[in-house]
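J.: Spelled out, the chains give:
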Amino acid sequence: MAAQLRVLIVDDSPPMRFILRGYLEQAGHAVVGEAEDQPQALASFRELRPDVVTLDLSLVNEDGLSVLKALREQDPAARVLIVSANSQKKVVEFALASGAAGFLGKPIEPVALAAALARATQS
Amino acid sequence: MISEEAGKALLRLVENGVSESAERLATLSGTAWQTQTVSIREVSADKLLDAGAGPDHEQHGSYFAMPGGVFLVMFPKTNSARLVEAFASKAKSKPEMSEFWVQNTLAEIANVIVHAVANTLADACGDVFFLSAPSNSVGKRQNLVRDAPNRFERSGKAFVLMAYVCMQSEDLSSDCSFVLMLSAQRRDKLLKALES
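As you go down the protein sequences, you meet chains F and Y in turn.
Note that this note's numbering has the first sequence beginning at 1, numbered continuously upward.
Note that this note's numbering has the second sequence beginning at 1001, numbered continuously upward.
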């Protein structure tokens, strides 16, 4: 069984956060916080120091790539797993080149989520 | 105007994306979905015709805009409850089925399936289609479709390329339709990329 991770979920969709929380908790991880936008994400990251952040690319007030950049500026060691329905080739390439620890396409399945978390926390 | 050959190429591309959408819907809902209709035509934005046949029931609509285009996904109000329940059933606990929850769940489902088509189109032409977060509205199908051209910026001739898709699940007694509209400029860029 994988070691328990402390996870911060960043997604502006309450149902998506609900599903993701359910999957993470069923896998034995702890969801330490949820955020809907960049200010909440940065404040929660600073306060909670999660092992991993799951980040959607499509947020209401800003795009997830700018949130990724801001998180990495706050902490270059931050592990951010992009979880998004937008898995276009150029978007994935850019996100990974910008320091994302991995990319998981929606709809999420528990097995794929577990594998993505394992890869994201390997280093 | 789009040539017959270009129209066929675009239709095939949209069909590929729709096939992926149906698979995503199946994953989200735990049941199979069949594609009923996929069609493409060019219309003048100021004389937009009704997209598709069928009763004009009230719909939960979600708009996803991008420069030069918009996607509109619609679920009938009357038969979308089971789809919402199927989506939530994967989690440990059951959420309260408020109107807020139903609308936001359908918006998230719409986000996932619409990106299947957007991703296919974008990758085919080496472009990026960065869609907005969903903007939700409830109304009759005709009114939602007629409002779609107002949801994205267009310049020049007000012609739109419109793709209409309808999918259905017998098990859930649910259906889903969506409309893609592109400005003339976005259409030309897409067709040019397909030709090269």
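Since the hints were made in silico from the structure, they are not lab data.
Cβ atoms here follow ideal geometry from the backbone N, Cα and C, with glycine treated the same way.
Any given hint could turn out to be false.
[What the hints assert, rightly or not] Simulated coverage check for chain F against chain Y, where a stretch passes if three residues somewhere in it have a Cβ under 8 Å from a Cβ of chain Y:
#, region
1, 30-43
2, 106-114
[To be verified] Mimicking DMTMM-like on lysine to aspartate or glutamate, the simulated pairs with C-alpha atoms at most 25 Å apart in a straight line are:
#, chain 1, residue 1, chain 2, residue 2
3, F, 69, Y, 1123
4, Y, 1192, F, 34
5, Y, 1090, F, 93
6, F, 89, Y, 1123
7, Y, 1094, F, 93
8, F, 90, Y, 1170
9, Y, 1189, F, 93
10, F, 89, Y, 1058
J.: Could you run down the list of hints and mark each one as holding or not?
T.: So, going through the hints one by one against the coordinates:
1. 30-43: Per the Cβ count (0), the hint is violated.
2. 106-114: holds (count 3)
3. F:69 to Y:1123: 24 Å, holds
4. Y:1192 to F:34: 43 Å, violated
5. Y:1090 to F:93: It is violated: about 30 Å lies between the C-alpha atoms, which goes past 25 Å.
6. F:89 to Y:1123: The hint holds at about 6 Å.
7. Y:1094 to F:93: 36 Å, violated
8. F:90 to Y:1170: 36 Å, violated
9. Y:1189 to F:93: 22 Å, holds
10. F:89 to Y:1058: Not satisfied, since the Cα-Cα distance of roughly 36 Å exceeds 25 Å.
Of the hints listed earlier, those the structure fails to meet are numbers 1, 4, 5, 7, 8 and 10, in rising order.
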